[in-house]
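Protein chains in written order, with my numbering: chain R, 33 to 343; chain V, 33 to 343.
Calculated from the structure, these hints are not laboratory results.
It is possible that part of the hints are untrue.
Partial pick of chain V residues on the chain R-facing surface, computed with a CB cut under 8 Å [stated by the list, open to error]:
1. F107
2. A191
3. P286
4. E311
Backbone N, C-alpha and C fix where the C-beta goes; we use that ideal spot for every residue, glycine too.
Protein chains: 2
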Amino acid sequence: MYIGIDLGGTNIAAGVVDADGRLISSGAVPTRSERPTIEIVRDMAELAREVAADCGMELADIKAVGIGCPGTINFETGEVIYSNNIKMEHFPLAEEFRKLADLTVKVDNDANCAAMGEYLVNGGGAKSFMLITLGTGVGSGLVVNGSVYRGFNGAASEAGHITLVSGGELCTCGKKGCWEAYASATALVKQTEKAMEEHPESLMHKVAEEFGKINGQTAFLAAKSGDEAAQAVVDAYIRYVADGIVSVENMLQPEVIAIGGGISREGEGLLGPVRDYVEKNGFNKFMEKTRITAAGLFNDAGIIGAAAIAM
Amino acid sequence: MYIGIDLGGTNIAAGVVDADGRLISSGAVPTRSERPTIEIVRDMAELAREVAADCGMELADIKAVGIGCPGTINFETGEVIYSNNIKMEHFPLAEEFRKLADLTVKVDNDANCAAMGEYLVNGGGAKSFMLITLGTGVGSGLVVNGSVYRGFNGAASEAGHITLVSGGELCTCGKKGCWEAYASATALVKQTEKAMEEHPESLMHKVAEEFGKINGQTAFLAAKSGDEAAQAVVDAYIRYVADGIVSVENMLQPEVIAIGGGISREGEGLLGPVRDYVEKNGFNKFMEKTRITAAGLFNDAGIIGAAAIAM
């Protein structure tokens with residue numbers, strides 16, 4: 033048995049996970065990220081004890097603990113080099129956690145954890161597997177031969193920051209034209225807002241009103257009812273997503289690309305056209321093709337993924 | 033000792049190469065690609081015997097032969113799935129070669145060979161190494177832990193066909209906006225021609241006249257003499273190159289990126305500004321950075337690279 037801890041800006045979530053990635057017990061406490069980090073670590077250790085106790089175990093029964101954390105992580109040492117959400121700079125997270133719970137501890141970037149968790153549960157043993165998450169940003173993690181690909185320095189797999197439109201929209205990272213600035217849920221909302229301004233007659237206004245806000249579903253829902261302006265937003269957004277996937281595929285040819293994040297709940301309405309575009313525009317015309325699927329883990333992905341990197 | 037064979041559209045070049053990538057002897061014959069492929073293979077085997085004899089060896093003294101070939105190759109079987117330059121479709125190149133010269137034979141895509149050769153000679157044992165060639169197209173090869181990264185299907189590492197400008201210039205591959213359509217020598221010539229049309233006063237006209245043609249050096253040379261229109265071409269071209277390198281780096285974080293191809297002879301005039309752009313725009317702000325260098329192998333790269341994949 034393993035424990036996975038998902039250290040988020042809002043909540044610390046933890047759970048006991050078996051070797052097949054099944055979640056046995058879980059719990060959560062608020063992060064309260066403004067307090068001293070050492071107090072957050074204390075709550076993480078406490079929560080680990082609790083979720084173990086929930087299934088009748090002690091920490092001594094746990095093989096290893098994995099911690100998924102936003103930011104730049106030194107996977108070898110378990111040090112958080114820099115994290116913005118939970119203020120940390122050169123913080124020895126694994127070492128501090130071990131002082132409170134004497135276990136093997138691995139710390140990794142949350143996107144790498146998510147990829148490893150998804151691979152473990154839904155990867156079907158693929159030789160190479162990539163998870164791309166369309167959420168607030170565009171996250172990604174690459175698993176090659178069962179291990180996370182980290183690059184020589186641990187900073188690899190930031191697919192959200194490949195260039196999609198050189199010199200284009202400013203990204204939160206400071207560069208212009210990143211894939212994330214076009215294909216994230218945040219970008220889709222902006223694209224939807226712009227189209228709504230230009231098309232006061234569009235059904236998108238009614239959809240947004242019913243939901244109480246404009247979100248990643250607004251254009252997709254209005255398009256399903258035949259709204260042309262919404263369909264144009266959806267078509268452009270799908271091309272942005274697909275064009276980035278073509279880049280990833282031409283570069284890496286992973287056996288599987290799984291698409292996660294809230295927008296992936298659109299299912300075949302998103303995946304179908306993405307596959308068509310990639311089929312038509314991918315450079316590989318003669319060899320077996322990458323399978324493009326929807327990610328399967330949602331709410332518990334962070335916990336399962338964190339446990340997976342400790343396995 | 034190894035033999036490397038560089039099967040090009042114009043010439044077949046071959047040489048004896050030692051384990052450190054030093055070329056001991058070499059020779060070449062015309063490919064005459066219009067004749068039956070089997071005759072080309074016969075010349076390849078004959079040339080292998082000759083270059084071995086040139087340094088007092090027989091084929092029995094050779095550990096293995098590597099063949100670098102343009103197109104889509106099945107590295108496991110040595111079959112050329114498809115090649116456009118030398119017409120081949122599902123041609124068992126390794127098998128046919130072995131019938132004429134009983135040796136271990138490996139066949140790989142020429143870009144993969146080039147990367148492996150460059151890594152062997154100039155890689156300094158980097159954990160991950162990428163060669164990017166700015167030539168007629170933009171070629172690339174990735175070496176991870178001493179082996180070529182091929183993806184699950186052998187078709188990986190087509191960095192020239194990552195998207196640089198979604199929906200932009202049409203690429204020879206059929207997709208719009210590929211990096212190759214902006215950062216190849218071919219693209220630079222087009223960009224130079226366009227600027228020359230718009231600026232009849234530009235020094236580029238004189239430079240091109242002296243050389244007898246417009247080429248990848250025209251804008252660089254005129255810019256060095258203070259020509260503003262030429263400087264604008266160079267600046268834009270460097271941003272195209274650098275923006276693609278940022279994509280590769282954000283995705284893969286290779287320890288070394290070596291830039292090859294004719295344009296890399298511009299040296300620091302190209303590399304300096306590329307490094308500055310990547311430093312400023314790369315996502316990795318906290319971990320050790322990728323080293324960006326000029327490739328060192330030029331004329332013999334194909335032979336040495338082909339031998340390297342057989343080692």
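The hints, checked one at a time:
For the restraint placing F107 (chain V) at the interface with chain R, the shortest Cβ-Cβ distance is roughly 11 Å, beyond the 8 Å limit, so the hint is violated. Annotation: A191 (chain V) was flagged as interfacial toward chain R, and the flag holds, the nearest CB pair being 6 Å apart, inside 8 Å. Restraint check, P286 (chain V) versus chain R: the minimum CB separation of about 7 Å is within 8 Å; hint holds. At a threshold of 8 Å, the smallest CB-CB gap from E311 (chain V) to chain R is about 12 Å, leaving the interface hint violated.
Consistency note: the structure conflicts with the earlier hints numbered 1 and 4.
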